[in-house]
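A.B. asks: Build out the structure end to end from the sequences listed, making use of the hints.
Chains as they are written, first to last, in the numbering used here: chain E, 1 to 257; chain Y, 1 to 270.
The hints are simulated quantities; they were obtained by calculation from the structure and are not laboratory data.
Treat each hint with caution, since some may be false.
Partial pick of chain Y residues on the chain E-facing surface, computed with a CB cut under 7 Å [stated by the list, open to error]: (1) R22; (2) S25; (3) R26; (4) A29; (5) A155; (6) A159; (7) D179; (8) G208; (9) G209; (10) W235; (11) R239; (12) L250.
Chain E residues, not near chain Y, derived (Cβ > 10 Å throughout) [claimed, not checked]: (13) P13; (14) G19; (15) A20; (16) Q66; (17) Y101; (18) R112; (19) D158; (20) G171; (21) P182; (22) Q221; (23) I225; (24) S228.
Backbone N, C-alpha and C define an ideal beta-carbon position, used for all residues, glycine too.
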Amino acid sequence: MRVDVNAFVGAYPYRRLPGASVEGLLHAMERTGIDVAWVSHLPSVFWRDPMAGNAWLFQATASSPQLRPVPAVHPGLAGWERVLGEAADRGAPAVRCDPLYYGIDAAGPEMRVLAAACGAARRPLVVAVRLEDGRQRHVNDRVPELAAAAVRALIRSDEDVRLVITHADRGFVEEVHFGSTPEEAARLWWDVSWIWGPPEDQLETLLGTIGVDRFVFGTGQPLRIPESSVAKLDLLELPPGQRAAIESGNLAQGLAA
Amino acid sequence: MLIDVHAHFYHDRTPRADWRERNASRLEAGRKIGITIHVASILGSFGRTSPTYFPSPPDLEYGNDALLALAHDHPDAVRGYVTVNPNYTAHACAEIARCLGAGMVGIKLAASRRATDALLDPICEVAAKRGVPVLHHVWQHRRHDWPGQEASDGAELCALAARHPKVRFILAHIGGGGDWQHSLAAIRGGPGGVPNVYIDLSGSGVDGGMLEACLDAAGPERLLFGTDLTIDTGWAKLRYLERLLPPRELELVMWRNAASIFPRGAFPAD
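C.D. replies: Here it is in structure tokens:
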């Protein structure tokens, strides 16, 4: 079983993106052996009300059991609490928030309230460090990348919140993990999409120093081709149990909603 | 057959204490994914005693010697680009002669001098005379100067290529960061485009749509498989292309295009 916690559907405003439809995502999943994908609505990351994309997301994923909707929550807009309830009703495995794209402080009071609400609702919160390589972003795409300090602040803000951080590189992961207590770090999961594999030893090192149980499989598709995350695990030749833990076991054990 | 046109190795005078492990890891990862030949370069001391992109002549010689030694130790797997700094014209030309004479098969230009600068001309003239390709480091769309390098972008490399139409240039790491669409537009150019520029697919970037855009800009006849620092991303792109291209065109990208631009006899199939 391979579960991708970091997938999107829909158009991207800054470049043409093949395979951004639901059908395209399903095709890519079949191509790369991904059984289940946690899916967010990409266009609404950039909307003033990103929650307005949730209805489309629920509808688009309803007929495909291998797609699990991850609706957006904007804690600065009235009514955001309803999304958490709806997420539970719709079987969403998590909710997501992209605070810097929404123009709110990533560790400010609104995010802390959201973190606490997610903790109380037993719903993991997905947050992305970035969507694209900072060197190639569109000249008008000036949203800052998520700071490691913000993740440390969020995980400390509520003792029940669980965070899934996507698109983090080795330095980011290490800074947050070793800047947190063991109890805090045990409520953080990292997707592997932005961590370098062989011949560099970054992913291998992290699996050894931080622990296999902290990592989950993610791709960032269709912004990135999903073959990348599969290839880095294939090259590592992990013991089957470790590979299974990253690809699905850690989700089942630690992130079940 | 799979030729990686953009590989790097390290040596004992680079900042990496794990240089032996990284070299071994590259060869091992290459074996796993089926790389037949790593065409590699070593950029001087990679910053230890002179800047990576402005390597000193002694560091260049040490790095090139280390690469020659690796190629000697792994004659079935490693070939070399001779790395030079165009600011030292006489040294660069002598180093090219020395290293090509010792078996290297191409020239590596990093970012010591802008591609539009006349100081690159003597090096390109040697490349034309010796029939070897030039792998040129590229920052995809350089909107300003970046610290640590006098980088060139695709448009600047294409200007150099237009001045030296007999030389085959490899535009480095289209997935290596920066706006690759800017580079692809430069390669596509006006009528006829810039036919002597090839795209190296290496780099950690695995953007959706990038490979389709490369094919659209240059066709499979001018794409070259490469990895740079990350073999995992190179393998990912290869896997993606396996679904995108018919076998004949995939072979072009995997090795036939490379075999056609490097000197005859550089690879086992020649």
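A.B. asks: Taking the hints in turn, state whether each one holds.
C.D. replies: For each hint, the structure was consulted:
1. R22: R22(Y) check passes; min Cβ-Cβ to chain E is 6 Å, inside 7 Å.
2. S25: holds (4 Å)
3. R26: holds (4 Å)
4. A29: Nearest chain E Cβ about 4 Å off; hint holds.
5. A155: Constraint on A155(Y) not satisfied, violated at 16 Å.
6. A159: violated (22 Å)
7. D179: holds (5 Å)
8. G208: holds (4 Å)
9. G209: Result: holds, 5 Å to nearest chain E Cβ.
10. W235: holds (4 Å)
11. R239: holds (4 Å)
12. L250: The hint is violated - L250(Y) has no Cβ within 7 Å of chain E, the shortest such distance being about 14 Å.
13. P13: Holds: least Cβ distance 14 Å, greater than 10 Å.
14. G19: Not fine: 6 Å to the nearest Cβ puts G19(E) too close to chain Y.
15. A20: violated (8 Å)
16. Q66: holds (19 Å)
17. Y101: Holds: least Cβ distance 19 Å, greater than 10 Å.
18. R112: Holds: least Cβ distance 34 Å, greater than 10 Å.
19. D158: holds (34 Å)
20. G171: Label holds. Min Cβ-Cβ 14 Å, cutoff 10 Å.
21. P182: At about 28 Å from chain Y, P182(E) clears the 10 Å cut-off, so the statement holds.
22. Q221: violated (7 Å)
23. I225: violated (5 Å)
24. S228: violated (4 Å)
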